[in-house]
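Undergrad: Below, each chain spelled out in residue letters.
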Amino acid sequence: RKEVEQDPGPFNVPEGATVAFNCTYSNSASQSFFWYRQDCRKEPKLLMSVYSSGNEDGRFTAQLNRASQYISLLIRDSKLSDSATYLCVVNDYKLSFGAGTTVTVRA
Amino acid sequence: DAGVTQSPTHLIKTRGQQVTLRCSPKSGHDTVSWYQQALGQGPQFIFQYYEEEERQRGNFPDRFSGHQFPNYSSELNVNALLLGDSALYLCASSSPSALEQYFGPGTRLTVT
Chain H
1 RKEVEQDPGP FNVPEGATVA FNCTYSNSAS QSFFWYRQDC RKEPKLLMSV
51 YSSGNEDGRF TAQLNRASQY ISLLIRDSKL SDSATYLCVV NDYKLSFGAG
101 TTVTVRA
Chain X
1 DAGVTQSPTH LIKTRGQQVT LRCSPKSGHD TVSWYQQALG QGPQFIFQYY
51 EEEERQRGNF PDRFSGHQFP NYSSELNVNA LLLGDSALYL CASSSPSALE
101 QYFGPGTRLT VT
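Those protein sequence lines, which keep their order, are chains H and X. According to the numbering used here, the residues represented by the first sequence are 1 to 107, in order. According to the numbering used here, the residues represented by the second sequence are 1 to 112, in order.
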């Protein structure tokens with residue numbers, strides 16, 4: 001079983017829509033989680049950390065469900081600039097990445 | 001404040017050759033991690049350096065080696081290159097007090 005598995009997508013949504021996707025992780029002892037964003041042929045950039053109580057950063061909301069070992073990301077009021085690959089990341093001394101979920105926001 | 005920098009940007013090598021990639025961490029960061037990202041995949045952890053020593057290592061063969069210098073910069077060396085080593089090599093740095101890692105722009109290695 002892979003350490004981190006994600007909805008591969010792609011998710012193709014109109015501007016202004018809400019899009020949400022999940023990832024699951026295998027190590028129940030994992031303590032810290034992140035969402036990174038990666039644009040085509042660029043480096044991953046930290047989008048947000050994911051806290052146990054869930055957290056929000058503007059239009060982005062991250063949730064953590066420890067019992068079911070999944071993490072979710074929700075994007076509200078999608079913008080064209082949100083088009084990217086979103087990487088789910090678990091930090092167990094090293095970063096373990098999912099393969100990414102591709103989101104395309106269309107005009 | 002400079003972020004993580006890597007050199008070179010692109011590199012083309014032939015099978016069997018050796019390559020050295022370089023990374024300078026973000027100011028204030030002392031830990032450097034290296035990742036390999038194949039096309040369509042998430043980055044895979046190679047190893048991490050702290051206090052000039054390899055602290056952790058992923059599932060990569062001994063052909064992959066590294067070094068960290070007193071100024072915290074780091075090198076990744078790959079010997080006996082294979083076609084399958086073609087990938088984007090990413091360096092990430094972090095500070096002692098935080099879990100987040102910040103990535104450099106990467107080195108795109110092509111092995112022919």
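Heads up, a few of these hints could be off.
Claimed, not checked - In silico lysine-lysine, BS3-like type, Cα no more than 25 Å apart, as pairs: (1) H:79 <-> H:45; (2) H:45 <-> X:26; (3) H:42 <-> H:79; (4) H:45 <-> H:2; (5) X:13 <-> H:2; (6) H:2 <-> X:26.
Claimed, not checked - Simulated DEER-style distance windows between Cβ atoms: (7) H:76 <-> X:84: 39 to 45 Å; (8) H:66 <-> X:20: 30 to 36 Å; (9) H:74 <-> X:69: 39 to 45 Å.
By construction, these hints were calculated from the structure, which means they are not laboratory data. This one's a predicted model, so the numbers in the text were calculated from it and none came from an experiment. Yeah, the Cβ is synthetic: ideal placement off N, Cα and C, and Gly gets one too.
Undergrad: All hints are to be evaluated individually against the structure, with a verdict given for each.
TA: Evaluated hints:
| no. | hint | verdict |
| --- | --- | --- |
| 1 | H:79 <-> H:45 | holds (18 Å) |
| 2 | H:45 <-> X:26 | holds (14 Å) |
| 3 | H:42 <-> H:79 | holds (19 Å) |
| 4 | H:45 <-> H:2 | holds (22 Å) |
| 5 | X:13 <-> H:2 | violated (31 Å) |
| 6 | H:2 <-> X:26 | violated (30 Å) |
| 7 | H:76 <-> X:84: 39 to 45 Å | holds (41 Å) |
| 8 | H:66 <-> X:20: 30 to 36 Å | violated (42 Å) |
| 9 | H:74 <-> X:69: 39 to 45 Å | holds (42 Å) |
The structure fails to meet hints 5, 6, 8 from the earlier list, while all remaining hints are met.
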